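Visitor: Below are the chains, spelled out letter by letter.
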Amino acid sequence: MSTGSLLSNHEGAPLKPSVGLSGSLHTAREVAQRRAQSPHTSMFIRMLIRAAMLRRGRAASALLAMIVAAAVATAMMNLYVDVQAKLRSEFRNYGANVILVAKSGDATGAQPAATNAPPSLPPDTLNKIESTLGPKTIAVPFAYAVARTTDGQSVVVVGTDFARARQLNHWWNVNHWPVVNRWPPPRQAIASLVDHTTDTLVIPVEALVGIRAAAVVTPTRQPFDLTFQGKTIHLAPAGLLQTGAGEDSRIYLDQSEFQAWTGVAPTTIEIAVNGSPEEIQQGIKQLSAALPSADVRPVRQIMEGEANVLNKTRATLYASATLVVLTSALCVLATLIGWVFDRRRDFAIMKALGASERLVNGFFAAEAAALGVVGAVAGFFIGIGVAAWIGRANFHAPVVPRFSVFPYVLAGSVAVALISAILPIGLLRRVQPAIILRGE
Amino acid sequence: MFPRLVYESFRRQTRRKLLAGIAITLGVAVATAMIAVATDIGDKINRELRTYGANLVVTPQEDTLDVEIGGINLKPPSDGAFLNEADLPKIRGTFWHHNIVGFSPMLPVTVKLAGSPSGRIEKAEDVTLLGTYFNKKLTFGKDDFTTGVRITHPWWKVSCGAGVLARKAQPSTVATARLEATSAPARQQSVNDEACGWPTDDSQDVLLGERLAAKLNKHPGDSIDVNSRSLTISGILSSGAVEDDEIVAPLPVAQQILGRPGAVRRVYVSALTKPPDALSARDPKTMSPEVYDRWYCSPYVESIAYQLQEAIPHSHAEQIRQVAQNEGTVLSRIKGLMLLVTLAALLASALAVSAAMATAIFERRVEIGLMKALGAGNLLVSAVFFAEALLLALIGGIAGFTAGALLAHQIGRSIFSSQISIQPVLFPIILVIAVCVTFAGSAAAIRRAVKFDPVFSLRGQA
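Protein chains in written order, with this note's numbering: chain A, 1 to 440; chain B, 1 to 462.
Watch out, some of these pointers could steer you wrong.
Claimed, not checked - Among the chain B residues that face chain A by a calculated CB cut under 8 Å, a handful are:
id, residue
1, E48
2, R333
3, A352
These are computed hints drawn from the structure, not numbers from a lab. If you're wondering where the values come from, they're calculated on a predicted model, not measured in any experiment. Note that the Cβ used here is the ideal one computed from N, Cα and C, for glycine as well.
I would like the entire structure built from these sequences, with the hints used as guidance.
Guide: Written out as structure tokens, the structure is:
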């Protein structure tokens, strides 16, 4: 009798005896025919394939468990690796984590801000920062000056790059960002722009006014004048800025307008560096080396807060992922042990027909390994899909598939499958085939 | 007969029942732990987000503009309005006082610092002296609490030098730390260890910013001459911000220098808040009374600011948007992530339980055959198996819940060094889930087992 028909007799489905007899005869003839035509494959491979084909139900449920476990494991590993990057980009919304300040030039340490000519950064600093840290870095220059309003109040005016500041400081609550060099001026405003004493058109520079500064300099939101060292500038409050911090009492101008008016170059550059704390430290070192005239400092408040929250989240995710992967491995183990145990009669028949212990063990191990591989491959792709979906649902950006986790998933699946095949075989080896075949 | 069948099945097949029971216990334990962690993670991360410092600032209502660049105040010192220090403990009397982790008053004063012959500064120079609470003990009603920059500015690091002035903060002030941020025993321990260098709030000792200290070439234990009064340096402060160029002193010192006892320029408040939603952004003046009540009784950063304004006379409270606006997003991302991971965990444990049950029942076909041969109907056979599954699920559920609670506790202790509280309401929910999953896992196997022809199962051919 061929192995194929033997196995078919052990199928889980209840066959009527007569049907079973003719069925097995029929199968035997078919098998003989097919064998004559088919290319000569080895008995071992054929046994494996037939075993999977003929007990489709149980094999499918074992495979399903394997796939689900591999998918869950893949999704968890993918998430664990990718979530740090995702959360880091969320944390970048807190703004700059590195600040670059012009070093006070003279050793006497004259106050940089109080004197009229504070030490400024070289004009190519921004380019240098970008070439040192890469294009993904956001660096925003700031230049400060204290100007006087028409009624003699002091107010801090800041020159900056609005486009960059907007990118860096997401928390700035701005109702309308100023437009640099808007031309022509808004039509309805033209009438108010005419200076009647000289009959000329005075185009105000659009400024972003802090909410507390606005209450002082322009309570009616009309254009206003500021004086710095005898030079006057005409400003129009394009938008209001609210942050709850020092920015509220300042007035922001475009850097080129600011420099044309005050002659003050940027003294501070706020930088958002992406990456892990080590990468940021590395970036700070590179910056210090590239810009000897500047003092580069990490913003401890931002760095430590981020490190703290990120570490806690990672640890929680790690614990959860371990639990989930362990549970799914357990699930596979339970299913596969049941599956192999169920087939003790195959095992007994093989041994009764004279198969060596090695062959039988090899057969079951190969079967388990094949199951593990198929499950791992299918599960890996499903898992990547699940991770991508979680990324989209939670972070509004898909989790990038990491093929580097595939070897781990594959090795884990095969290992679990092998363990669950070898455990019951170890138990069965001690039993005489005759006893199993007698159904005891 | 029915109870005896079930009872005997448990008594005689202990090993098989044990296997299925272990699977259920493990599955339920993982599910419980994950649900507990996921429900509590928002609160835990919210506390961790307080490392970013204060998210609210209270200023006097009629404050003039700050004229300040890089931490140096260019305004005449007595200019502007002040808050009254005596009003500050009232912060503990607001509706959401349990959510207020801590607060620190600030009073910056521009002082003349005498030059030091050993440092890089020879002539007298203007620097900012910042008066604040370090770890101040306050009382509101019957409520004792401590607050100050050590809670609201956790990134401030103080070094006390080579043990020149290795004074420990008095243990009594640390031990009575009542505010939630310091309630964990582990944290209190660390506070005790890190106390070296911090001045006490009633002393004349100050912290010197690290860049200023480098310029002056001063070390802990030295004294500095500020407005012709001598102050002892107890530690060197590293903050990574403007304070590195300043002197930080106890509040009374700054008030004496300014000549305004009880004056405070602004108060930084660190509060646990709820992420913003549609309701939080609305103006309380336009709300109907019911909506207003709901708004007032939710810990939004806006409503806490509103309540601070009510508590402190002539004040204006504002959220610090850099901190307040971002924590909502971070919080909801992490919460969402844990929710999805919990779903995965529930799925995995449900599969594990049903796989174990299916295997356990499939092995008992012979028994089923015998029962049916003796005349038991499909219904009775299924009932026996479902009763067994129910019993297993209940036992496994209780054991799993206990194990899961311990697991969650362990996760909370090792990761967040604080308790993860398990809601009692979780227990019945977990039991119901355990029973449902066990039933679902058994149903397919039982149906298949019942369908067997007894002849085959008895002949051992199934």
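Visitor: Decide, hint by hint, whether the structure agrees.
Guide: Verification of the supplied hints:
1. E48: holds, 5 Å
2. R333: At about 6 Å, which falls below the 8 Å cut-off, the nearest Cβ of chain A leaves the hint on B:R333 intact, so it holds.
3. A352: With a closest approach of 4 Å, the B:A352 hint holds.
Checked against the numbered hints above, the structure violates none of them.
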